[in-house]
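**Student:** These protein sequence lines map, in sequence, to chains A and B.
Adding 667 to a residue's 1-based position in the first sequence gives its number in my numbering.
Adding 20 to a residue's 1-based position in the second sequence gives its number in my numbering.
Because the hints were derived from the structure by calculation, they are not lab data.
A few of these clues could be false.
[Claimed, not checked] When the alpha-carbon atoms are kept at most 25 Å apart in a straight line, the in silico PhoX-like pairs for lysine-lysine are as follows:
1) B:291 <-> A:806
2) B:274 <-> B:137
3) B:132 <-> A:813
4) B:80 <-> A:813
5) B:193 <-> B:176
6) A:863 <-> B:193
7) A:799 <-> B:80
8) B:132 <-> B:312
9) B:80 <-> A:748
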Amino acid sequence: MTEALIIGVPSKGRLQEQTADLFKRTGLSLKQPGGARNYRGVLDGIDNVEIAFLSASEIAKEIAAGHVHLGVTGLDLIHEKVTNWRERCHLVTSLGFGQANVVLAIPKSWIDVTAIEDLVDVAARYRQAHGKSLRIATKYTTLARKFCATYNIADYRIVESLGATEGAPAAGSAEVIVDITTSGATLEANHLKVPKGCTILRSEAHLVASKSALWSPHAMAAARVLLDRVAADTHSRNFVEIRADFGYDPVLIDRLVNQYGVWDPFGAEARPMTLLCPLRHRHKVVDALREGGAQVVMISKLDDIFSGDNALFASLEKALG
Amino acid sequence: MNDAERIATARDRLMAVLARAGAERIDPGILQPADVFVDMAGEDIRRRMLTTIDAEGQEKALRPDFTIPTALQYLSSQPQRPQRYAYLGPVFRQRDGVAYEVLQAGVEDFGKDDRPKVDADILLLALRALSALGKRQLSIRIGDKALYNTLLSSMKLPEGFRRRLTQAFGDRKALARCLADMANAPQTANAPFENEALATLSGLPEEEARRVAAGLVDAAAATGSGLGGRNPQDIIDRLMILRENAAADHDLAKAAGPLGLLLGVSAAADKAEREIARLAALDMSAIAVPAKMLNRRLAHLAENGIAPDHLMFEASFGRPLDYYTGFEFEIYDGDTGERLVGGGRYDQLCTRLGSPTPVSAVGFAIWLEAAEAPSA
Numbered sequence: 668m669t670e671a672l673i674i675g676v677p678s679k680g681r682l683q684e685q686t687a688d689l690f691k692r693t694g695l696s697l698k699q700p701g702g703a704r705n706y707r708g709v710l711d712g713i714d715n716v717e718i719a720f721l722s723a724s725e726i727a728k729e730i731a732a733g734h735v736h737l738g739v740t741g742l743d744l745i746h747e748k749v750t751n752w753r754e755r756c757h758l759v760t761s762l763g764f765g766q767a768n769v770v771l772a773i774p775k776s777w778i779d780v781t782a783i784e785d786l787v788d789v790a791a792r793y794r795q796a797h798g799k800s801l802r803i804a805t806k807y808t809t810l811a812r813k814f815c816a817t818y819n820i821a822d823y824r825i826v827e828s829l830g831a832t833e834g835a836p837a838a839g840s841a842e843v844i845v846d847i848t849t850s851g852a853t854l855e856a857n858h859l860k861v862p863k864g865c866t867i868l869r870s871e872a873h874l875v876a877s878k879s880a881l882w883s884p885h886a887m888a889a890a891r892v893l894l895d896r897v898a899a900d901t902h903s904r905n906f907v908e909i910r911a912d913f914g915y916d917p918v919l920i921d922r923l924v925n926q927y928g929v930w931d932p933f934g935a936e937a938r939p940m941t942l943l944c945p946l947r948h949r950h951k952v953v954d955a956l957r958e959g960g961a962q963v964v965m966i967s968k969l970d971d972i973f974s975g976d977n978a979l980f981a982s983l984e985k986a987l988g
Numbered sequence: 021m022n023d024a025e026r027i028a029t030a031r032d033r034l035m036a037v038l039a040r041a042g043a044e045r046i047d048p049g050i051l052q053p054a055d056v057f058v059d060m061a062g063e064d065i066r067r068r069m070l071t072t073i074d075a076e077g078q079e080k081a082l083r084p085d086f087t088i089p090t091a092l093q094y095l096s097s098q099p100q101r102p103q104r105y106a107y108l109g110p111v112f113r114q115r116d117g118v119a120y121e122v123l124q125a126g127v128e129d130f131g132k133d134d135r136p137k138v139d140a141d142i143l144l145l146a147l148r149a150l151s152a153l154g155k156r157q158l159s160i161r162i163g164d165k166a167l168y169n170t171l172l173s174s175m176k177l178p179e180g181f182r183r184r185l186t187q188a189f190g191d192r193k194a195l196a197r198c199l200a201d202m203a204n205a206p207q208t209a210n211a212p213f214e215n216e217a218l219a220t221l222s223g224l225p226e227e228e229a230r231r232v233a234a235g236l237v238d239a240a241a242a243t244g245s246g247l248g249g250r251n252p253q254d255i256i257d258r259l260m261i262l263r264e265n266a267a268a269d270h271d272l273a274k275a276a277g278p279l280g281l282l283l284g285v286s287a288a289a290d291k292a293e294r295e296i297a298r299l300a301a302l303d304m305s306a307i308a309v310p311a312k313m314l315n316r317r318l319a320h321l322a323e324n325g326i327a328p329d330h331l332m333f334e335a336s337f338g339r340p341l342d343y344y345t346g347f348e349f350e351i352y353d354g355d356t357g358e359r360l361v362g363g364g365r366y367d368q369l370c371t372r373l374g375s376p377t378p379v380s381a382v383g384f385a386i387w388l389e390a391a392e393a394p395s396a
């Protein structure tokens, strides 16, 4: 492995777009020097970073193998592709996109099945009535088996499905499915429903770190910068600024902190300084302020800034004589 | 004599004992078709099996046990008269991601109809086999899946819990979870309906309920893509069972305690039957058939020197393989408590493997390395 920090980034689909947006928001650009067909890239804004464009599924495997330091991938794929993932991976943070659930879905017409307990019963009786075991179509074989083991469903077969899993019951290749769903529209369109207790995993895109990769000092330094930026973006997605017209009441503030996770960055004593800063220089200014002793630095985008003069009109006037 | 020689001699003695008991030595292949095991034991066995794919894409397994390969060999032999086989060789498993290989020796016995006597004979043969390996200080635990199932069917239970309890045989944790759920269950009568169809059926007399259920199922089948892999009758039957459960006045919380005690019966075998009857407030007739089998087994064992008070009977003791159907046992080193032998009856296996007629079958396997370890 080189000294650089290697990050696995999704190479196609919505995950790719949303990951690119994430990097852009943090002031870093994903660049593919060889054009869109190149599988390698760089991150403009941090030194010693290499980007590897891979499918989300491959990213999960490469993280497990220690071939990339960090990767953006779905939690569902980590659970599915990596045995003992808790020991081999570190979930750095959820990224706020790519939410989907891995569910077990059954035909809507099974009106006697409303909860997982009903399904356990149906699976147990199935062989006696039909001479073979109940079939589950899925590409999530690990998750499906674990789910069945948890509920003591023993008599079933998995039918591996690489695409269009939702069509399996209608096509007669399986009785039920385990699949990932975002809006539920595809399940609905295929006359499938998710009984109570059959949501197997709530997934989301995560930034995941490999515990087995070789982390050089350069890689650690690059990761420090990147994670600082990602955290700033995550916080800005998850918090809003509140200004209120009342005196500082430490007891009330304390309660809000404990009860709602409110963040009181400046406390009663400090006087916050307000600056307007050119967007493209904001990180350099943040670094300078931190060097000067600042701890928490908040950056907010404003809707409008009216300056004391009207420079655009002034220059028009001048041009028109 | 060094260790290797000692072991080789002991193994020769062991196989001689089995041969003298009428067992034909066989050596089924280490590589077996994987689908047979999955068909018999369910998808769950994949976690415990080691599999590979040949050049044609056929999935093969390293045999996780000898029972299925032996049964396949028996079924392919012509003509099929009663037959006893013996084997010695490695089996391959994995647990928690770690693959391992263990040596087993054992016996499978097919086609004999006097089941309690053959059950006892097999247990006695296992004891003689261990003796040939130098293990004589032993403790024996026995159970009976048929007795457990009979106990359950003799009690008034909602179908869902009955099913869970049946599945929980041999799995202490699952049994504890099921009993805990029962203890915490709200009274089922008058509970709000989560199932719309059920809400419609409740309160209707049986004939009408069945008609309405059939109508609901027809309507459901007409929408979308039909009922998939189930028949209308499957769903109607289940709806009727759910309707009955909801209507009955089951006080599950009250039943859970005594049921736990009953299923937890663990007593010397001669006392077990009385203990069960006492706890269940049953007269003996409810469990008459399996109890008779148990007694005949015990009588035959006693005739051959194993007194009933030397055997520990546990009502919910079961072995992890799903295809056992009746008598089950394990034999432990009397000093270390380590398990040396596991065995039981599996009368349905041959039918499930495709035999046109049912074949009675019972057998045991010895964990050879454990059994050969020098006694304390």
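**Student:** Could you run down the list of hints and mark each one as holding or not?
**Tutor:** Against the structure, the hints:
Between the alpha carbons of residue 291 of chain B and residue 806 of chain A the distance comes to roughly 52 Å, so the proposed pair goes past 25 Å and is violated. Between residue 274 of chain B and residue 137 of chain B, the direct Cα distance comes to roughly 39 Å. Violation of the 25 Å bound is thereby established for this hinted pair. At roughly 39 Å between alpha-carbon atoms, residue 132 of chain B and residue 813 of chain A are farther apart than 25 Å, so this suggested pair is violated. The suggested pairing of residue 80 of chain B with residue 813 of chain A holds, with an alpha-carbon distance near 22 Å, which does not exceed 25 Å.
Among the hinted pairs, residue 193 of chain B with residue 176 of chain B is consistent with the structure: their alpha-carbon atoms are about 23 Å apart, no more than 25 Å. Between residue 863 of chain A and residue 193 of chain B the alpha-carbon distance is near 23 Å, which keeps this suggested pair within the 25 Å criterion. Distance restraint check for residue 799 of chain A and residue 80 of chain B: the Cα-Cα separation of roughly 20 Å lies within the 25 Å cut-off, and the hinted pair is therefore satisfied. About 18 Å separates the Cα atoms of residue 132 of chain B and residue 312 of chain B, which keeps this hinted pair within 25 Å; it holds.
Of the supplied pair hints, the one linking residue 80 of chain B and residue 748 of chain A holds, its CA atoms being roughly 22 Å apart against a limit of 25 Å.
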